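Quick mapping for you: the protein sequence lines, in order, are chains A and B.
For what it's worth, my numbering labels the leading residue of the first sequence as 40, then goes sequentially.
For what it's worth, my numbering labels the leading residue of the second sequence as 14, then goes sequentially.
Be aware that one or more of the hints could be misleading.
As the list claims (entries may be wrong) - Which chain B residues face chain A? A few, computed with CB under 7 Å, are given here:
id, residue
1, Lys55
2, Phe58
3, Gly121
4, Thr125
Think of the hints as simulated: they come from the structure by calculation, not from any bench.
Every value quoted in this text rests on a predicted model; they were computed, and no experiment measured them.
For every residue, glycine included, the Cβ atom is placed at its ideal position computed from N, Cα and C.
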Amino acid sequence: QKEVEQNSGPLSVPEGAIASLNCTYSDRGSQSFFWYRQYSGKSPELIMSIYSNGDKEDGRFTAQLNKASQYVSLLIRDSQPSDSATYLCAVNNGGSGNTPLVFGKGTRLSVIA
Amino acid sequence: EPEVTQTPSHQVTQMGQEVILRCVPISNHLYFYWYRQILGQKVEFLVSFYNNEISEKSEIFDDQFSVERPDGSNFTLKIRSTKLEDSAMYFCASSVNSGANVLTFGAGSRLTVL
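Given only the sequences and the hints, what does the whole structure look like? Please build it.
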C-alpha cells in the first residue's frame, strides 16, 4: 500500500513568516512529487512539481526533495492570509504507465494577519 | 487558460439511483482521471483512462462504477446504484502525458446520496 503522510495541522503562522510543510512517502520507486493547494470546497490547484533531489524555487514557494529520506517539503516565504488553505502532497512513480497520483490527507495552513 | 469542465456542480440523488457525472477534459490532453474526496478526507484515485480504455483502477472502482468517452470531448463517470457512502466530491482531471506530467483538475461535482 503506497502511503503519503502529512501532518494534518492546523499550522498557524503570522503574516510575513515562513510556513514549512512536510510530507513523507512510502514507495521508494516514486519519481514525481507535487504540491497542490486546496481551498475549502474547491479542487486541488498545482503549486509546485519536483522530480530530482534538492531545492526548486518558484516565486515565494520552494519545494525540497530528499529521495534517500523519502521526504518532500514546501516552504512558503512571506506568507499571506490568502495562502490559508490545505496543502496536499501528491506522489507517483512517474513511470511510462498511467500511474495514479497518491495524495496525502493535507496540511491545513492558517496565516494570521 | 484551458480548463477541465465538470457538470453538474452538485447533484442530490436517492440511494439506489443511477448517477452520471460529466467532464470535458482539456482538448489536447490524452489521459483522463476520476478522483473522489469524501468530506474531510484525502483525495482518492478511482480510475485512469487512455486510448478509449481503462488504464488503471483502484479498489474503490468496483462494478458499480463505469467510465466512458462517448464522443471526442466528454468523459463520464457512471455510478449504477448509488449508496450513502458514495456521497463525496468527484474530481475529473486530465494530463497531456502520463507519469511525470501534471494533472489539471476540474472544479468537481458534489454528489449527495440521501
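Tell me the numbers of any earlier hints that the structure contravenes, in ascending order.
Those not satisfied come down to hint 4.
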